[in-house]
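**Student:** Please model the entire structure based on the sequences and the hints provided.
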Amino acid sequence: MDWVTIVNAVINGAVVGLLLALPALAVTLVFGIARFPNAATGDYMTFGAYAAVMTQMFVSTSLVVTALLASLATGLLALFFYGWVFRSLANRSPVASLIASIGIAFVVRSSITFFAGQSPYNIQAPLVRAWNFSGIRVLPTDLYIAATAAVALAAVFGLLHFTSLGRRMRAVADNPELASASGISIRRVMLTLWSIVGLFSGLGGVLLGIKAVVMPELGWELLLTIFASVILGGLGSPIGAVCGMLLFGISQEVASLYVGTAYKIVLAFFVILCVLLVRPQGMFGKIIAVR
Amino acid sequence: MEFYLIAISITVLIYMLMASGLALQYGFTGLINFGYVGFFAIGAYTSAILSMQGVPLPLTFLAATLLAAVVAYPLGIITLRLSGDYLAIITLGFSESLRMVLQKEEWLTRGVHGIPGIPRVFDNWAGPVSGDLTLLGLLLIVNIGVFVLMRHLITSPFGRVIASIRDNEVAVSALGKNPASFKTRSLMLGSALGGLAGAFQAHYVTFISPEQFVPLITFYVWIAIILGGAGRISGIIVGTIILLTFLEGSRFLRDFVGGVSEVQLASVRFWIIGMALICTIIYRPQGLFPDKTKKRG
Chain A
800 MDWVTIVNAV INGAVVGLLL ALPALAVTLV FGIARFPNAA TGDYMTFGAY
850 AAVMTQMFVS TSLVVTALLA SLATGLLALF FYGWVFRSLA NRSPVASLIA
900 SIGIAFVVRS SITFFAGQSP YNIQAPLVRA WNFSGIRVLP TDLYIAATAA
950 VALAAVFGLL HFTSLGRRMR AVADNPELAS ASGISIRRVM LTLWSIVGLF
1000 SGLGGVLLGI KAVVMPELGW ELLLTIFASV ILGGLGSPIG AVCGMLLFGI
1050 SQEVASLYVG TAYKIVLAFF VILCVLLVRP QGMFGKIIAV R
Chain B
2 MEFYLIAISI TVLIYMLMAS GLALQYGFTG LINFGYVGFF AIGAYTSAIL
52 SMQGVPLPLT FLAATLLAAV VAYPLGIITL RLSGDYLAII TLGFSESLRM
102 VLQKEEWLTR GVHGIPGIPR VFDNWAGPVS GDLTLLGLLL IVNIGVFVLM
152 RHLITSPFGR VIASIRDNEV AVSALGKNPA SFKTRSLMLG SALGGLAGAF
202 QAHYVTFISP EQFVPLITFY VWIAIILGGA GRISGIIVGT IILLTFLEGS
252 RFLRDFVGGV SEVQLASVRF WIIGMALICT IIYRPQGLFP DKTKKRG
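Residue numbers (the numbering used here), protein chains in the order written: chain A, 800 to 1090; chain B, 2 to 298.
A couple of the hints might just be wrong.
[As the list claims (entries may be wrong)] Reference excerpt, derived from the structure (chain B facing chain A, CB under 8 Å, subset only):
1) T80
2) L83
3) I142
4) P180
Don't read these hints as lab results, they were simulated from the structure. Even for Gly, the Cβ is constructed at its ideal location relative to N, Cα and C.
**Tutor:** In structure tokens form, the structure reads like this:
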């Protein structure tokens, strides 16, 4: 394996990692604040990708408009399921929300396949030639995707660390009872949380749809990869989710040079097992965060 | 019609075996196994591959049951000291990884082509109909046996410990019991039943392929026990019958509703399972037959 191939794999892995960091951040925030692993995240992504295809068919082919509308649609979807399902399960055990999130995943995916069928779609993006630096190839589209993801991630970290709303969110994550006793409105925190989850999963789905093919299993197949990297970074830690996903994205691309792409899911599974054996709290997690 | 009734009854009993295993794990112990279909697959493939090599069927069934239990052991050891969410993610990952392996390792499993021509259970038993009837009888005996054993298990000291782990794990460890060890044993027992069900499935349908073992099957079984009431044996029976009525009934749906294609019908089934999961959890958390010994969750 010559080094140019490996560098290309690293670049590709970094782009994939950065865009999957969006849903990974969504998973970790839900785990930190609403306290359950949201298995519907992958299918929220799928919904975003199909919403983008729909937008291009009926509204506008502009990628900016498409990405905005599709993320907004997914945001509304996430808020709807929060209002109907997760809000009523808030006082029950996390298991209830977890099982319900599987149900939501099925409902979202089957609604998509009922209307759109099983055949794949494409999100139209302008065809561009890759820049070639003596064998190291960089697609401008990939750069835009990475930049969009990076800006979105920066926005959430800004929200979490520099606004009072973000401070309230972190307070709820640390200790919901204490936060509620100090007069923090859990409701507003939850609405913000689920808007971010929807917008981010949707945007992640659109970006992925531009890079790959849009199909019903798009998000579901990534669910384990996302969970693996979130556990690697430390469940509930936002910075851990982003670093974990980047690390995972790159190592996955490099590893598939050697073992083939078919075993990506298996690789994710083994990473989870190894992390849980060696360092159950993940790279950035606090011990107390492990329940 | 007779054939059809026999066929449906066999399927019901195979699902009931699976539901018993999952109910032992979730209903009685509180373990969230989202990869149950993986153990079903292990059972099916183990028994199929061994019997194709000429191993007698009773031995292949035994191997299928044991191997499913053995595979559950490391999963339990790694995750059961952590919270339940981890077990859910790990088991889901396990079943999906296993499916990838079944798809890719063609030397062992013939990959996506599947394994055809698996010997039936009572093949040389005077024709297929009486063979199926005998199989039905055997499944009935196995199911009743499992229920009797489970009743004993639940009322035994072991059963009381796992029920209290489900309700309050901290209290159990405070009393000096080690919850992880009890949970591992329950996980292995339940998975063994999944493996046994898999063996029955393989030798009944005589053809297995990786696509028969998608996560949807796991959630079929989940909906059966949640709907029926997870902590009761009557819940297992009623839940399985409701599930199979729905699965078989939706087959006839197409005769009444025009303009729905086969693919769309699959989506509709999938949608109903999702909705059933959501609605039961929200509106009927204890299932149709609430377990009166369990505290409200």
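**Student:** Now look at each hint and say whether the structure bears it out.
**Tutor:** Hint by hint, here is what the structure shows:
1. With a cut of 8 Å, the hint placing T80/B at the interface with chain A holds, because the nearest CB-to-CB distance is about 7 Å.
2. Contact between L83/B and chain A, as hinted, is supported at the beta carbon level, the nearest pair being about 6 Å apart and thus within 8 Å.
3. Because the closest C-beta pair between I142/B and chain A is about 33 Å apart, greater than 8 Å, the hint is violated.
4. Given the 8 Å rule on beta carbons, the hint for P180/B is violated: about 14 Å separates it from the nearest Cβ of chain A.
In summary, the numbered hints that this structure violates are 3 and 4.
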